[in-house]
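*Asks:* Residue numbers (our numbering), protein chains in the order written: chain H, 195 to 509; chain V, 32 to 588.
Worth flagging that the hints you see were computed from the coordinates, not collected in a lab.
On a predicted model such as this, the values are computed, not experimentally measured, just so you know.
Every residue gets a Cβ at the ideal spot worked out from N, C-alpha and C, and that includes glycine.
There's no promise every hint is true.
[Stated by the list, open to error] For each label pair, taking beta carbons as the anchor points, the in silico distance ranges come out as:
1. V/342 / H/212: 49 to 57 angstroms
2. H/431 / V/73: 37 to 45 angstroms
3. H/318 / V/125: 45 to 53 angstroms
[Stated by the list, open to error] List time: in silico DSSO-like cross-link candidates among lysine-lysine, alpha-carbon distance up to 27 angstroms:
4. V/294 / V/248
5. V/492 / V/359
6. V/297 / H/417
7. V/297 / V/52
8. V/128 / V/180
9. H/417 / V/344
10. V/161 / V/188
11. V/128 / V/72
12. V/431 / V/339
13. H/201 / V/339
14. V/248 / V/309
15. H/453 / H/417
16. V/161 / V/128
17. V/344 / H/201
18. V/429 / V/359
19. V/168 / H/417
20. V/297 / V/309
21. V/431 / V/470
22. H/417 / V/136
23. H/417 / V/128
24. V/72 / V/470
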Amino acid sequence: MLRYLFKRLTSLALTLLVASVVLFVTIEIVPGDPASFMLGINAQADTLEALRAELGLDKSKPVRYWQWLTGMLQGDFGTSYTYKTPVANMIGERMWISLPLTLFALLISTAIAFPAGIYAASRRGRFGDAAVTGMTQLGVAIPNFWFAMLLVSFFAIKLGWFSSGGFVGWDQGLLAGLKSLLLPAIALALPQAAILTRVMRSSLLDVLSEDYMRTARAKGMSKRSAIWRHGLRNAMIPVLTILGLQFSFLLAGAIIIEKVFYLPGLGLLVFQSIAQRDLIVVESVVMLLVFAVVTVTFLVDLAYAWVDPRLRTRS
Amino acid sequence: MSKLANSSSKDAAETLLEINKLNVSVTTSSNSSRALPTENKPILNSIELSLNRGDVLGIIGESGSGKSMLALSIMGLLPEGFNTAGEINFDQQNLLKLSEEQLCKLRGSDISMVFQEPMTALNPVLSIGKQVAECIKLHRNVSNVDASKIAEETLAKVGLPVSQYPLSRYPHELSGGQRQRVVIAMAIALRPALLIADEPTTALDVTTQAGILDLLKQLVVDEQLALILISHDLAVVNGIADHIVIMRNGDIVERGSLKQLFKHSKHPYTCQLIEASKHVPDRVDAAVDAAPLLDVENLSCEYRMPRKHWWSKPRYFRALKSVSLSIKQGESVGLVGESGCGKSTLTRALLGLMPIAEGEIRLHGELLAKGETLSNAVRREMQVVFQDPYGSFNPRHKVKRLVAEPLHVLEHALSEQEQITAVNDALVSVGLQASDASKYIHEFSGGQRQRIAIARALIIKPALIVLDEAVSALDVSVRAQILDLLSALAASHRIAYLFISHDLSVVRRVTDRVLVMQQGEIVERGQTEAVFNNPSHPYTQQLLAATPQLPDEENQT
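Go ahead and model the full structure; you've got the sequences and the hints to work with.
*Replies:* Listed below in structure tokens is the structure:
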């Protein structure tokens, strides 16, 4: 097990390193000099040079890569070209919205998908199964921004239960914060829940036809407890994979929902920074997302090993 | 009235299981739409059985005979859509009348079952201790500690003492035979009155099979179990079952003791089954002076193992160690050994499907270049028939295309008309019809599929066909037909066979010479009869001793 952990951690570190190089090179290739962008097209050549020096753009590429990398390791992400504030602070602020929003959405999505998937699988081919499967099709098909606007017009505007957008801030208390994230989280969760339900259902159906499920029944277990005690854990691997992917996707992929609800999240930050050629912010956020994805993959790998003992010994 | 019920003790208290007029049918709607009338297809017809405490009943039948359905009916585990009528009286209560909840209490506690496939019968993510203890916890109000203790004792009873096989082991850390022992431990942990074993050894090697059968025999005596042993193989139930019933198409066609049935069976199907089980095809002996066809010298093959660290040297597992063999034209050579001995590696190496580490392969005296894909000229000479007639065809192609596939190795491409003729000839020569060429593979039974596989091998008239467990998955009567077909083809086409099998009794009946393989090495070789009558290597002796025998074979040896 320790060995498995060590191997996974090594590959995690290597992935991050490779990603940082690819990212740095890509940003260098992208056209657009931040300094000339900031000063406009009519800028004087010597002002431009001064700004470039100030931003550190005049140094050689390897040096800049090295400074960027070592800076990040110490928690220094540099200073935004546009806002002149430390990038770390900007990301930190946004993270306090994006991360809880993502987790909240995943929580809602699993809370819907697990029971629905299990229910559909255990009633295969009957009405309940058809109903759940039909709902998931709807869930995948409905655009989530449209669903978000529906939520706003009903719960916020008509009933007035929630505010129609913005974030109150965590200093208003946990409940108030969660309340203002509830509608966006539901909007984000809906398509994810639909996908996850389908994965749960098909994975469990595969497991239900396994021989050991029959063995469990021959031991004297009822159908229901056989599913809970022997079926679920074996059906978890594909579900965990999808959950991991969904986490990474939601963390920065919530941009449209952030826009609908006026939430200053990571997605919007990336979008704005690209528009303003604030490359240092783009670099840092993308690197952070890579880190998040790789870490989640690592956690999912650990979860695999926890679920399935065969994976512990294989590697 | 059944002979079995009459001949046994009339004391009602002794009778544990009595099945009266059991009818099972399955409702199938001929179309998925609900409007169409549903069909009722009979599965079991008026089954009458009775079994006393401590008795062993063998149920013999080929696939589709309903023997497994009978077992599942007793367990109350028939799939949805099955209808039952009649009575299954167990301990004086009719199981068919019990609620699901009452059945759950009986299952695993009073009636248990062991299934065919030990590799998949255990939950891979739970330790064996947990799985055995779970049975106990389900039915008895005991603490976890006590349940583990009982699990430990039961596992020791089935030959897995805790000192060598701790409860924390997972199924994937055990071999097939050991896993089957765990399944048996789960079944007997609560000392059930009735144990149903459905083909418990079919998936196992002969020596492992002998061990499991011995264990079952022992348990019947020690635990006073009544045992129902279901098998397709008459030899397996020989020596265990007090009585056997022969089933066919959902009917019991005959019943009695095995010896009785062998001596004077009344029903033609029983006679046919017994004949098929010991069927010896008419064979033409290979000419002694025939030219050598295939020569293998000191062949070694390796598999690469995962590295310990990424900087360490790769390790290799030697699956074949200096194997030498030769096959003459028209000769039939057997290769026997247990799973993992390297039989399949040898097949793959001969067919050029895996690289050779050392050694030489010569065909017609010509050295095959190693490490290269075989030339078409070589591939024309060698063809293969695999074990699984269900998995070895692309279901989306018609038989015509499947059978014609090897034709591309011919030097000159055939015209379409010639191809059709070749396919038709091949199909006819394996006993099928030319019109079958335009069908899809799912329209054929297992035996017919294996004929198609042979037709595919035959179509380019090879000199050697490798039969890798080619008859192992077939029912005995179908197997007899295929063996006849193979020997007829050998006589008419002068084909040599390399007959690879774990089934010694079949190899004995169809080969001229035999090779015994153990852990990648050939440990014994010689004329088939000589080796079987007088095995010199201890491993061969062990294999032969473990092979189940029919009653009249026992007298021979």
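*Asks:* All hints are to be evaluated individually against the structure, with a verdict given for each.
*Replies:* Status of the hints after comparison with the structure:
Take residue 342 of chain V and residue 212 of chain H: their Cβ atoms lie about 19 angstroms apart, and the range 49 to 57 angstroms is violated. Restraint check, residue 431 of chain H to residue 73 of chain V: a C-beta distance of roughly 41 angstroms satisfies the suggested window 37 to 45 angstroms. At about 30 angstroms, the beta-carbon gap between residue 318 of chain H and residue 125 of chain V misses the expected band of 45 to 53 angstroms. In summary, the hint linking residue 294 of chain V to residue 248 of chain V is supported, as the alpha carbons are separated by about 24 angstroms, within the 27 angstroms threshold.
At most 27 angstroms may separate the alpha-carbon atoms for a hinted pair to count; residue 492 of chain V and residue 359 of chain V meet this at roughly 16 angstroms. Simply put, residue 297 of chain V and residue 417 of chain H have alpha-carbon atoms about 44 angstroms apart, too far for the 27 angstroms limit, and the pair is violated. At roughly 22 angstroms between alpha-carbon atoms, residue 297 of chain V and residue 52 of chain V fall within 27 angstroms of each other, so this suggested pair holds. For the hint pairing residue 128 of chain V with residue 180 of chain V, the CA-to-CA distance comes to about 35 angstroms; that exceeds 27 angstroms, so the pair is violated.
Between the alpha carbons of residue 417 of chain H and residue 344 of chain V the distance comes to roughly 50 angstroms, so the proposed pair goes past 27 angstroms and is violated. With a C-alpha separation of about 17 angstroms, the suggested pair residue 161 of chain V and residue 188 of chain V falls inside the 27 angstroms cut-off, and the hint holds. Distance restraint check for residue 128 of chain V and residue 72 of chain V: the Cα-Cα separation of roughly 22 angstroms lies within the 27 angstroms cut-off, and the hinted pair is therefore satisfied. Of the pairs offered as hints, the one joining residue 431 of chain V and residue 339 of chain V is violated, with about 48 angstroms between alpha carbons and a cut-off of 27 angstroms exceeded.
A threshold of 27 angstroms between alpha carbons decides the hint, and for residue 201 of chain H with residue 339 of chain V the separation of about 11 angstroms falls inside it, so the pair holds. For the suggested pair residue 248 of chain V and residue 309 of chain V, the alpha carbons sit about 25 angstroms apart, so the restraint of at most 27 angstroms is met. Of the supplied pair hints, the one linking residue 453 of chain H and residue 417 of chain H is violated, its CA atoms being roughly 46 angstroms apart against a limit of 27 angstroms. For the hint pairing residue 161 of chain V with residue 128 of chain V, the CA-to-CA distance comes to about 32 angstroms; that exceeds 27 angstroms, so the pair is violated.
For a cut-off of 27 angstroms, the pair hint linking residue 344 of chain V to residue 201 of chain H stands: about 17 angstroms separates their Cα positions. In summary, the hint linking residue 429 of chain V to residue 359 of chain V is not supported, as the alpha carbons are separated by about 35 angstroms, beyond the 27 angstroms threshold. Distance hint between residue 168 of chain V and residue 417 of chain H is fulfilled; the C-alpha atoms sit about 17 angstroms from each other, no more than 27 angstroms. Distance check on the hinted pair: residue 297 of chain V and residue 309 of chain V sit about 18 angstroms apart at the alpha-carbon level, within 27 angstroms; holds.
Restraint check for residue 431 of chain V and residue 470 of chain V: the C-alpha separation of about 8 angstroms stays at or below 27 angstroms, so the hint holds. This hinted pair checks out: residue 417 of chain H and residue 136 of chain V have alpha carbons roughly 13 angstroms apart, not beyond 27 angstroms. Simply put, residue 417 of chain H and residue 128 of chain V have alpha-carbon atoms about 19 angstroms apart, close enough for the 27 angstroms limit, and the pair holds. With a C-alpha separation of about 25 angstroms, the suggested pairing of residue 72 of chain V with residue 470 of chain V holds against the 27 angstroms cut-off.
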